[in-house]
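Asker: One-letter residues, chain by chain:
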Amino acid sequence: MADEGLVPWRQLALGMAMPEAGSAKRFNTGDWRGKRYPVTDRDKCIKCGLCWITCPDMAYLPDESAEGYYKWDSYYCKGCGICIAECPKQAIEWREEKEEDKYGPACGS
Amino acid sequence: MARRVGLEVSLACAEAAKLANVDVVAAYPITPQTHIVEHLAELVADGHLDAEFVPVESEHSAISACVGSSAAGARTFTSSSSQGLALMHEILFIASAMRLPIVMAVANRALSGPLNIWNDHSDIMAERDIGWVQTFAENGQEVLDLMLHAFKVAEDKRVCLPVIVNMDGFLLTHVIEPLLMPEQAEVDAYLPPYQPQQRLDIAQPISMGMVGMPEVYTEAKKASLEALLGSYDVVKEHWAGFAKQFGRQYKPIESYRSEDAEVLFVTMGSLGETCMTAIDELREAGVKVGSVRIRLWRPFPVDDFLAAIQGAKGLIVMDRALSPGVPAGPVATELRGLLYAKGYHLPVQNFVAGLGGRDVTRADFRMMLDKARKAFAAGGEMTCEMVGVKE
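Sequences listed follow chains R and F, in order. Numbering follows my numbering, in which position 48 of the first sequence is assigned residue number 118; successive positions increment by one, without gaps. Numbering follows my numbering, in which position 31 of the second sequence is assigned residue number 161; successive positions increment by one, without gaps.
By construction, these hints were calculated from the structure, which means they are not laboratory data. For every residue, glycine included, the Cβ atom is placed at its ideal position computed from N, Cα and C. Be aware that a few hints might be false.
Said to hold, decoys possible - To give a feel for the contact side, a few chain R residues facing chain F, derived at Cβ under 7 Å:
1) LEU76
2) LEU82
3) LEU84
4) ALA91
5) ILE116
6) CYS118
7) GLY119
8) LEU120
9) ILE123
10) THR124
11) PRO126
12) ALA136
Unchecked claim - Here are the computed lysine to any residue pairs in the SDA-like style, where the Cα-Cα straight-line distance is at most 20 Å:
13) R:LYS95 <-> F:LYS351
14) R:LYS95 <-> F:ASP433
15) R:LYS95 <-> F:MET340
16) R:LYS95 <-> F:TYR470
17) F:LYS287 <-> R:LEU82
18) F:LYS287 <-> R:ARG80
19) R:LYS95 <-> F:LYS287
20) F:LYS287 <-> R:MET88
21) F:LYS374 <-> F:MET131
22) F:LYS443 <-> F:GLY486
23) R:LYS159 <-> R:LYS95
24) F:LYS351 <-> R:LYS159
25) R:LYS114 <-> R:TYR145
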């Protein structure tokens, strides 16, 4: 069995702690997403923030370039569809994802 | 100097946590552990113990709160029993994997069903493999002493593992025993304030409880295993230190009248006392019988056990729990495996007794000895019998 990249057990930190905070950020769990992703129609969006609040993966964050809107982050969206179910204005819809779009423009437009 | 007091063992257990000056207690009451938690809550409420008492809504939350507080660097104590311990199950593995020195007193009780609040070891035998250090107390003094020892071992930088002190529910927890209660200064000399090896600190952030991908999970488990095995020397070292400080000696395996014994009973917990009384009677009748008692259950003290059974022609292993579907109880299954692995051809008769609070009497020990001696003489197969089942 190839052991490339394996760490000898004696070299692991106590309890496998990491000497940094927020290292989970490096796991692009958006990789787990299937063949579709949520897209927000900003003409219908009322800036209520429910997508941001209900997203279990923090894949929506306030959009700094457009006051009141929320920006979708393809690196962390697992494609669960909770935002689509929760949006009170049906402003979020599925869109089929092509391989080349996987890490495309990280916004819902 | 220590004071001689008459005290309910649950209260002595709680007093031990107080003497250890714990920072956080997170626990949920459950019979027969209730008095331990109740007394600690009282000590905190009355200002006798400067600790955070977290009145959680379940045992799952209790042990989770303990994981958090221990990770933050607090000396942390909890206590549970039976269904409560079972509800903690998933977090128990996490506590040892994260190398958190939590101490837990378990008042051993049967698992449902049928619903039963009385003593046996089915709760803890279902938690054999959680990776915690585990000891079994025989009497009230031992509860108190093993509790202090537990903090010492858990927090030792060579160990950094959680520790369970097992005590038989009701048979120990609810009896009033004469005890030597040490002075605070004596305990402080034995158990200095906790110095965490690492802790959650906003100024120096670390991440604990990381995901273990297939590339690292095996190594992580190996590291935890080695920590548990390595704790053996530290357990013994701190018992030696305990003897120096408090004058009471403890060993991983306790022997009683075993020197020339042909047959040895193997017991755990409070059953050892009844067993010794039975042995005294049998010895008077000229029977060469003795006992060994397992005080350190995890890590299992292999060499001490093998040394303790030298010369015996047969063992009678007592189990206080069933392991349904295999030919023996959990303790006997383990010991038969150990003996086979070490090349011993020693017959092991197994008796499952004392389930759900059923008394195990001296007469039961005589009966077990008779049956076992006949089986040894016949050279027959090793059996497992449930004691006292009404047909």
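Asker: State for each hint whether it applies.
Answerer: Structure-based check of each hint:
Evaluation of the LEU76 of chain R hint against chain F yields a held restraint, the C-beta minimum of about 6 Å falling below 7 Å. Because the smallest distance between the Cβ of LEU82 of chain R and any Cβ of chain F comes to about 5 Å, under 7 Å, the interface hint for this residue holds. Satisfaction of the interface hint for LEU84 of chain R is found here, the shortest Cβ-Cβ separation to chain F being roughly 5 Å, below the 7 Å cut-off. For ALA91 of chain R, the shortest C-beta to C-beta distance to chain F is roughly 3 Å, which falls under 7 Å, so the interface hint holds.
Restraint check, ILE116 of chain R versus chain F: the minimum CB separation of about 37 Å is more than 7 Å; hint violated. For the restraint placing CYS118 of chain R at the interface with chain F, the shortest Cβ-Cβ distance is roughly 32 Å, beyond the 7 Å limit, so the hint is violated. For GLY119 of chain R, the interface hint is violated, since its Cβ never comes within 7 Å of a Cβ in chain F; the closest pair sits about 27 Å apart. This hint is violated: LEU120 of chain R has a C-beta 28 Å from the nearest C-beta of chain F, more than the 7 Å allowed.
Nearest Cβ of chain F to the Cβ of ILE123 of chain R: about 24 Å, over the 7 Å cut. The hint is violated. For THR124 of chain R, the interface hint is violated, the least distance from its beta-carbon to any beta-carbon of chain F being 24 Å, above 7 Å. Residue-level restraint check for PRO126 of chain R is violated (minimum Cβ-Cβ distance to chain F is 16 Å; threshold 7 Å). Using the Cβ-Cβ criterion of 7 Å, the hint placing ALA136 of chain R at the interface with chain F is not satisfied: the shortest such distance is roughly 32 Å.
A distance of roughly 25 Å separates the Cα atoms of LYS95 of chain R and LYS351 of chain F; the hinted pair therefore is violated under the 20 Å criterion. Between the alpha carbons of LYS95 of chain R and ASP433 of chain F the distance comes to roughly 47 Å, so the proposed pair goes past 20 Å and is violated. At most 20 Å may separate the alpha-carbon atoms for a hinted pair to count; LYS95 of chain R and MET340 of chain F meet this at roughly 12 Å. This hinted pair does not check out: LYS95 of chain R and TYR470 of chain F have alpha carbons roughly 50 Å apart, beyond 20 Å.
Straight-line distance between C-alpha atoms of LYS287 of chain F and LEU82 of chain R comes to about 15 Å, which keeps the hinted pair within the 20 Å bound. In summary, the hint linking LYS287 of chain F to ARG80 of chain R is supported, as the alpha carbons are separated by about 15 Å, within the 20 Å threshold. Between LYS95 of chain R and LYS287 of chain F the alpha-carbon distance is near 31 Å, which puts this suggested pair outside the 20 Å criterion. Between LYS287 of chain F and MET88 of chain R the CA atoms are separated by roughly 18 Å; this keeps the pair inside 20 Å, and the hint holds.
For the hint linking LYS374 of chain F to MET131 of chain F, the alpha-carbon distance of about 14 Å falls within 20 Å, and the restraint holds. This hinted pair does not check out: LYS443 of chain F and GLY486 of chain F have alpha carbons roughly 31 Å apart, beyond 20 Å. The suggested pairing of LYS159 of chain R with LYS95 of chain R is violated, with an alpha-carbon distance near 31 Å, which exceeds 20 Å. At most 20 Å may separate the alpha-carbon atoms for a hinted pair to count; LYS351 of chain F and LYS159 of chain R exceed this at roughly 49 Å.
As the CA atoms of LYS114 of chain R and TYR145 of chain R are separated by approximately 24 Å, the hinted pair breaks the 20 Å bound.
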